Structure formats: C-alpha cells, structure tokens
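S.K.: Chain residues, written in single-letter form:
There are 2 protein chains.
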Amino acid sequence: MSVTLYGFWRSLAAYRVRVALNLKGVAFEEIAINLAAGEQFGEAYESLNPQHVVPLLKHDGHEITQSMAILEYIDEVWSSPKLLPGDALEKAQNRALALVTIADTHPLIVPRVRNFLNSEWNLDESEQTKWAQHWFALGNQSIEKSLIKIGKAGTYSLGNELTLADIALASHVIGANLFKVDMSATPILQGIFSNCMRLPAFADAHPLKQAGAPTVN
Amino acid sequence: MSVTLYGFWRSLAAYRVRVALNLKGVAFEEIAINLAAGEQFGEAYESLNPQHVVPLLKHDGHEITQSMAILEYIDEVWSSPKLLPGDALEKAQNRALALVTIADTHPLIVPRVRNFLNSEWNLDESEQTKWAQHWFALGNQSIEKSLIKIGKAGTYSLGNELTLADIALASHVIGANLFKVDMSATPILQGIFSNCMRLPAFADAHPLKQAGAPTVN
Chain S
309 MSVTLYGFWR SLAAYRVRVA LNLKGVAFEE IAINLAAGEQ FGEAYESLNP QHVVPLLKHD
369 GHEITQSMAI LEYIDEVWSS PKLLPGDALE KAQNRALALV TIADTHPLIV PRVRNFLNSE
429 WNLDESEQTK WAQHWFALGN QSIEKSLIKI GKAGTYSLGN ELTLADIALA SHVIGANLFK
489 VDMSATPILQ GIFSNCMRLP AFADAHPLKQ AGAPTVN
Chain C
309 MSVTLYGFWR SLAAYRVRVA LNLKGVAFEE IAINLAAGEQ FGEAYESLNP QHVVPLLKHD
369 GHEITQSMAI LEYIDEVWSS PKLLPGDALE KAQNRALALV TIADTHPLIV PRVRNFLNSE
429 WNLDESEQTK WAQHWFALGN QSIEKSLIKI GKAGTYSLGN ELTLADIALA SHVIGANLFK
489 VDMSATPILQ GIFSNCMRLP AFADAHPLKQ AGAPTVN
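Chains as they are written, first to last, in the working numbering: chain S, 309 to 525; chain C, 309 to 525.
Extracted from the complex, chain S is given alone in its bound form (with noise of 0.2 Å):
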C-alpha cells in the first residue's frame, strides 16, 4: 500500500489527516506510534521524523510531516473533494480558521508541553487540565468570533461545502470536548462540529473509535 499514516489514536493532529485521506476515498494504513510509551523517540520513528511528533504521512517513499502541510499535500495530490477552493482570500480564510487551533491552541496542549509543566514546575493532572481547558476556550472564542466576522457559515464554516477549515475546526472540538469545555458559548462552532460528526469520514476517524483507544461507557 503507497499511503501509510503514522499516528495514535488520541492524537488530534493525526486525526486532521485522517479524516482528509477518507474525505478523498484514499485508502491507507495506519501505524500506531505510542506516544504514552515513548515511541516516537525511539530510533526506528527519529529515523522517519526527527521532529519526535505524529502525524506522518508516508506516501511514494517520501515522509511529509505536520499536519498543516500534509493536508496541503492530500488536497494537492488527490484533487476532489477539493478542500481549499476558491480564490486567494477564501484560501487564506479558509487557512486561518484552521491555523487558529493548528497553531495558536492545539500546539500548548500535546504531552510533551503537559510533561514540561509536570517535569518543571510540579503541576500535577488537575493544574494541567486547567491549563488545557484555558487554551481550549480561547480558541473557542477566536473560531467563534472569526466565524461571524467572516460570516459564510452555513452547514459548515464557510458555506455548505466542506472545506479544510472544518476538519480543523473538528479535531479542535474533540479536544475540547475530552478536556470538558463548555461549548454552550460557541453555538456556530458546536453546530459546525455536529454537521461534521454526521459525515462518516469525520465519525469514524474519532480517536475513541481508533485501536487502543480506552473503552468508553
């Protein structure tokens, strides 16, 4: 198989990319790379991404990383469903709204930024909460606000065609929601989010539905 996504079933990150290879009908395998258990400083990863991060994107025999710039790369090499359309402005609208979890929150929230708090300063799970919850709602206020400002919204966040933005949107949302925000603030965003969740390519890429995900009851 040419597609091969390294990934973990928690990472928010890997599942942007997920949902892009099956928004495009791209079939591919997935490698788990337990980032609990330290694999990705392991020897064999660090040889396929020094960056010490997932996702992965293995694809013809070259490695892409980030999952900004391999959703890029999916939109450029499988054509349609196209999830950047339009013209210099909607592109770039469509990009920030992404970039405002990519960049600006999602990043403050991995391990290794939790691990630092933990490993530095001593702050234990609830103080790590606290600060994931803080970064999480800020980001919920600048989607929401961008949002309205940009004012397309519809089904999704610019219209009632699926574009990239949502599948950021999405795994912001996740996020989120494993940290126990209040979303009841950010009624577009939500409602986004729940159009997104009806569409098989976005459910079934859920990190709880991946392997060795934790049951949920």
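Calculated from the structure, these hints are not laboratory results. Since this is a predicted model, take the numbers as computed values, not measurements. There may be inaccurate statements among the hints.
Because identical chains share one entry, a pair is satisfied inside a single copy or across any pair of copies.
The calculated lysine to aspartate or glutamate pairs, modelled on EDC-like cross-linking and capped at a C-alpha distance of 16 Å, are [said to hold, decoys possible]: (1) K399 <-> E371; (2) K399 <-> E384; (3) K332 <-> D512; (4) K453 <-> E351.
Fit chain C to the known structure of chain S by using the hints.
M.R.: Just chain C, lined up with the frame of chain S:
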C-alpha cells in the same frame, strides 16, 4: 495605500509578513498594535481581528489573519518571486519546515502564554525565560534534523533559492537570539539565518529596527 500590516515591533509573526512583503516588493503601511499595552484587546482592533493577535493584513478591504495564511496569500496574490515553488512534495517540505516554528514553537512563547504562567502559577521572568529557551532549543533540534533529513539545504533551507521556510526559520532564530538560546548545535540553521540576514528584505524587517523598539547598545 491598499496594503496595511497591523503588527508590533517585537512580534515574530509580524516579522514574517514584513519580510514576505519586502521580498515581493509590495509597498505597505504598518500600524503598530501595542501588545504590551493591551491594544489588541481594544474595541478598535477587536473589530478587525477578534483573535486579539497580530499580524493582520488588510488588502483591498479584506482582513486576513494568521501569519502562515498571510504568507500563502501574499505568495498567491504577488506571484514573483515564488515563495512556495515546486511540486506537491516540495511545497509540503517547505510548509512543514515553516510549521515547526509557526505551529510547534512560536505559539508557546508568545506574551499571552508567558502572562498565563505568571498569573496562574506566579512563575517569574526567569522561569518564563527557561520556558522559552526550552521550546526554542527543541525547535532548533527539530529544524536542524529536518533540514538534514530533507537533504536539500544550500544557501537556504531547500537549496539556493529563498522560500517561505526561510522566512519562518529566520523568525525562529531571531526569537531564539532574543532569549539567548545557544545556536552552536544547529550550524545549518545558523548558516541559513546568516545568509537570510544579508538580504535587506530580512535585515530591514528585524524587530529591533522597527518603530517602538528599544535602542540596543
């Protein structure tokens, strides 16, 4: 004037946009949003960018947020010199290098994050510096190893032509220097940075050369 950059002298993200506009030869006006004085939270700026961050690019009456989205927009609207050349793979490598700092490093050290460390856990400036140094050093390693793995570094990150990745990596090194991070372990990155800083487009955009910056002895 049809192009306005809302920035701040010390913002590494505004620096990236300033460099890109310089490289494209686009005349622009820059309006300072004083992040230290909280201007990003004021009503006037809220109406432009409810994310409360810089940079914001205003062009032809539209506001565009998020430095990575702005760089892509600039590259699409002003096509020469091309910042994202090549095929899907080359573009992915380019974007991924940029995102190591734009997504995985820089968002961790911005003022709002350091302020939260202080307000929530009373971590003083020396602890905040340790925090920033840790993430810049980790970014350095990721970037250096990724440059080696991609294997195209020459005068610049992906060969002898300047690309988007170089803009991002230059902003990374400027940030690392501000926090006095040791650069001796990352000679390829340091060399690319030195080559970039020989160009007026990069040198003139340096944070310490902007209005409002402190005088350096």
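S.K.: Tell me the hint numbers this structure goes against, listed in increasing order.
M.R.: Hints that this structure does not satisfy do not exist here, as all of them hold.
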